[in-house]
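Trainee: Residue numbers (the working numbering), protein chains in the order written: chain U, 1 to 234; chain C, 1 to 234; chain S, 1 to 234; chain F, 1 to 234.
Don't read these hints as lab results, they were simulated from the structure.
Do not rely on the hints blindly, as some may be mistaken.
Using 30 Å as the maximum straight-line C-alpha spacing, the simulated DSS-like pairs for lysine-lysine come out as follows [what the hints assert, rightly or not]:
#1 K219/C x K158/S
#2 K158/C x K112/U
#3 K56/U x K224/F
#4 K112/C x K113/U
#5 K158/C x K219/U
Going by beta-carbon spacing under 7 Å, a handful of chain U positions derived as facing chain C [claimed, not checked]:
#6 I26
#7 G119
#8 N164
#9 Y231
#10 G232
Note that the Cβ used here is the ideal one computed from N, Cα and C, for glycine as well.
Number of protein chains: 4
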Amino acid sequence: MDKENLKKLKKKVFDANIKLAGSGLIISTFGNVSGIDREVQVMAIKPSGIPYSGMKVDDMVLVSLSGEKIEEESPNPSSDTDTHLELYRNFTGIGGVTHTHSGYATAFAQAKKAIPCLGTTHADYFYGPVPVSEVIEDRCIKDDYELETGKLIVRTFKNRDYRNMNACLVACHSPFTWGEGPDDSVESAIMLEYIAKLAYRSISLEGTVEDIKKTLLDKHYRRKHGKDAYYGQK
Amino acid sequence: MDKENLKKLKKKVFDANIKLAGSGLIISTFGNVSGIDREVQVMAIKPSGIPYSGMKVDDMVLVSLSGEKIEEESPNPSSDTDTHLELYRNFTGIGGVTHTHSGYATAFAQAKKAIPCLGTTHADYFYGPVPVSEVIEDRCIKDDYELETGKLIVRTFKNRDYRNMNACLVACHSPFTWGEGPDDSVESAIMLEYIAKLAYRSISLEGTVEDIKKTLLDKHYRRKHGKDAYYGQK
Amino acid sequence: MDKENLKKLKKKVFDANIKLAGSGLIISTFGNVSGIDREVQVMAIKPSGIPYSGMKVDDMVLVSLSGEKIEEESPNPSSDTDTHLELYRNFTGIGGVTHTHSGYATAFAQAKKAIPCLGTTHADYFYGPVPVSEVIEDRCIKDDYELETGKLIVRTFKNRDYRNMNACLVACHSPFTWGEGPDDSVESAIMLEYIAKLAYRSISLEGTVEDIKKTLLDKHYRRKHGKDAYYGQK
Amino acid sequence: MDKENLKKLKKKVFDANIKLAGSGLIISTFGNVSGIDREVQVMAIKPSGIPYSGMKVDDMVLVSLSGEKIEEESPNPSSDTDTHLELYRNFTGIGGVTHTHSGYATAFAQAKKAIPCLGTTHADYFYGPVPVSEVIEDRCIKDDYELETGKLIVRTFKNRDYRNMNACLVACHSPFTWGEGPDDSVESAIMLEYIAKLAYRSISLEGTVEDIKKTLLDKHYRRKHGKDAYYGQK
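Produce the entire structure from the sequences given, and follow the hints as far as they go.
Mentor: Right, dumping it as structure tokens:
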């Protein structure tokens with residue numbers, strides 16, 4: 001493998017973790033970002049339980065798609081490593097994954113509720129309600145818990161397209177987001193938290209609020225995404 | 001056209017966008033402020049999808065009242081340009097428009113609820129409940145969506161006076177505010193968010209709360225506005 | 001009158017206004033603090049509608065107890081001046097008054113609800129529920145509105161002791177607090193906002209929550225106040 | 001007693017109090033942290049009613065397990081001293097105690113509600129719902145109030161293990177947390193506030209939400225605690 005490329009991967013993943021730490025979404029050592037080099041099938045991920053403040057680029061842990069550490073001297077990878085790997089194995093177009101316990105998105109996950117699509121802010125980023133998984137089964141908790149958490153997310157996307165819905169709430173747990181690279185997955189985590197906050201407040205005002213209609217959802221999502229997008233300078 | 005005046009307009013609009021970025025109302029590249037020079041009928045507006053951090057005065061885009069770019073080398077104007085223009089064409093006394101997705105005002109927009117006038121803080125700035133538009137019709141979403149959004153706001157003000165109500169919530173979307181100049185429209189956006197927050201909390205405490213009575217509304221609005229105002233140093 | 005003492009009074013009132021501005025309770029030019037020199041019966045108060053940022057000690061306006069400006073060249077005093085004066089005339093033991101539109105206390109005022117005494121944090125500072133006034137009558141809005149607002153507060157305290165309850169919510173408006181000096185009245189405003197926030201959240205969790213029992217209220221209030229207090233270093 | 005060790009204890013307790021002050025959980029002079037040297041049975045605790053800003057290491061007050069001041073010239077210890085001591089006497093494995101009036105945990109205490117265990121964030125730190133005490137009896141308020149508050153917490157833990165539940169809400173009052181040392185007890189206070197915030201929001205979304213199932217609780221608690229823990233770098 002090309003050492004230079006792996007170094008670049010580590011740097012990207014490090015930068016994304018630092019961005020996450022500065023986003024206000026993180027408390028203590030919670031949260032982690034990973035990225036993958038699809039050519040060599042190597043993932044870099046935050047080490048487990050290490051404070052963001054003292055972290056260095058070289059602390060990022062390189063892991064193969066099947067979970068082996070690439071560099072023996074690395075610290076332990078995030079305890080959520082197997083969840084990340086399962087997402088990379090199944091969502092083959094993604095290049096980065098972010099996991100947080102951010103305050104509003106997690107509140108929805110704990111309430112076992114999808115985040116309804118109540119406005120165009122939501123529609124600008126996520127194509128419809130952000131789904132919530134089933135509660136994980138007991139047998140999955142006992143064996144390979146983190147791997148099974150990944151499988152649970154993949155199952156939740158059986159009839160969904162991971163390319164227009166960059167996020168999943170794991171019931172009783174918290175959100176995972178993804179994107180083209182590590183940085184994009186952090187962006188998705190930030191936007192997810194914001195639209196969760198908006199939805200929380202709208203629901204407080206109304207009890208139940210219906211999703212926006214499909215035409216409006218389509219308009220806003222496609223204004224920013226896909227071949228007919230006209231937002232920005234492209 | 002006088003180049004000096006257009007430069008001044010760009011500077012005013014730039015300053016107002018920077019103020020908005022520092023107000024805490026904005027996340028990511030959301031939000032935009034425009035201003036108009038009524039003499040030459042030229043609007044300046046934030047470019048589309050450009051981060052606030054690197055933005056320069058000269059990035060502000062000059063557009064005619066009918067929507068043509070004045071300087072060919074300009075970046076693309078905000079994707080909400082046609083909404084701004086429709087407001088300038090109809091609310092002929094205004095000189096600045098601000099659009100945000102601010103957290104509390106947008107929660108009301110998503111709940112399709114006007115912001116009731118529950119106290120004198122509200123009455124100091126907005127003369128009665130801040131209206132919410134109808135949900136935009138499907139045909140308006142398909143053709144000229146941003147222009148139709150402007151028309152929707154104008155229709156919402158058919159029997160209202162845009163001079164004592166500087167704000168409109170677009171249902172399932174978010175707020176637009178306006179004022180004498182770009183800076184005033186940002187001030188309105190900031191106050192709108194604050195009174196939305198107050199109303200949100202009062203409603204949480206009560207379920208439903210009635211608007212304040214007309215005499216109190218009149219007193220406070222007129223203490224700060226119009227010929228009998230006695231607040232401040234004028 | 002002793003010029004030196006009036007200068008000291010201005011300085012105290014200025015410092016308290018700056019403290020208020022830095023407390024997070026204030027938005028825009030809202031809010032004002034006053035203080036009184038009981039010997040010469042002169043009040044100093046923030047000028048009307050002037051931003052906190054550029055404000056100078058000498059901008060504080062000196063006013064007699066009956067409302068005349070002492071120094072002709074002063075800016076206009078706060079538009080709430082007559083409310084402050086009415087409180088000084090009736091609550092003869094107080095030396096400072098603070099007025100804010102702080103986010104949680106105002107939410108209670110807008111909901112026309114007293115802040116129930118739900119815990120010892122509240123009991124440490126306010127002896128029982130913080131009262132809310134009646135809604136001001138129409139005739140009082142039309143004539144001498146600010147004076148009548150003061151009278152409304154005084155009426156709310158007809159059977160209450162202003163010495164163990166340093167705060168009043170004016171219905172549909174916002175809170176006034178007071179204390180031995182200007183600085184103490186700001187402290188009261190800060191604590192009022194905090195216990196309003198706690199109560200807001202407890203009520204959200206329960207719908208209705210009862211006040212704490214009298215023995216607990218007495219214990220905590222008297223731990224910090226009066227002859228048997230044993231909190232602190234005195 | 002070894003002067004060097006007591007100095008170290010003071011330093012640890014001082015550092016933990018400063019950490020608490022910087023955590024955003026504290027307003028005014030509220031809150032206090034203590035630590036104990038189990039060998040010599042001496043506790044160090046924050047002095048009563050002294051601002052965090054000017055506080056020095058030497059202001060920490062040394063007290064014997066039965067409540068006598070060790071150094072005569074010390075300031076008065078926290079008025080909550082007897083509560084801390086009662087916890088050290090009964091929870092013999094702990095080395096630090098923190099008391100706060102933090103905004104969300106206190107809201108649950110005021111609502112007289114335990115914090116339900118709604119997600120894995122909670123399960124990572126606290127093994128099940130965080131209990132709330134009974135409301136303190138009148139006779140306990142009158143005599144030795146702070147000691148009785150300690151006894152109330154101890155009684156609440158009659159059938160609970162203080163080693164896997166580092167926190168207790170005192171009804172109508174606020175939380176106490178503990179840990180191996182002063183710093184750990186502050187960490188517990190910070191995590192308690194965070195999971196209280198998450199629970200508050202989940203409850204707002206649902207009315208009532210059930211606790212997570214035992215298998216998931218076990219998995220997460222044991223991922224971070226005890227002999228089979230695999231989180232972090234140990």
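Trainee: If a hint holds in the structure, say so; if it does not, say that too.
Mentor: Verification of the hints:
1. Distance check on the hinted pair: K219/C and K158/S sit about 26 Å apart at the alpha-carbon level, within 30 Å; holds.
2. For the proposed pair K158/C and K112/U, the alpha carbon gap of about 43 Å is over 30 Å, so the pair is violated.
3. For a cut-off of 30 Å, the pair hint linking K56/U to K224/F stands: about 23 Å separates their Cα positions.
4. A C-alpha spacing of about 21 Å is found between K112/C and K113/U, which places the hinted pair at or below 30 Å, so the restraint holds.
5. Straight-line distance between C-alpha atoms of K158/C and K219/U comes to about 26 Å, which keeps the hinted pair within the 30 Å bound.
6. A distance limit of 7 Å between C-beta atoms decides the matter here; for I26/U the minimum to chain C is near 16 Å, and the interface restraint is violated.
7. With its C-beta approaching chain C no nearer than about 4 Å, G119/U sits inside the 7 Å limit, and its interface hint holds.
8. About 18 Å separates the beta-carbon of N164/U from the nearest beta-carbon of chain C, more than 7 Å, and the hint is not met.
9. At its closest, the beta carbon of Y231/U sits 5 Å from a beta carbon of chain C; the interface hint therefore holds under the 7 Å criterion.
10. For the restraint placing G232/U at the interface with chain C, the shortest Cβ-Cβ distance is roughly 3 Å, inside the 7 Å limit, so the hint holds.
Against the hints set out earlier in the document, violations occur for numbers 2, 6, 8.
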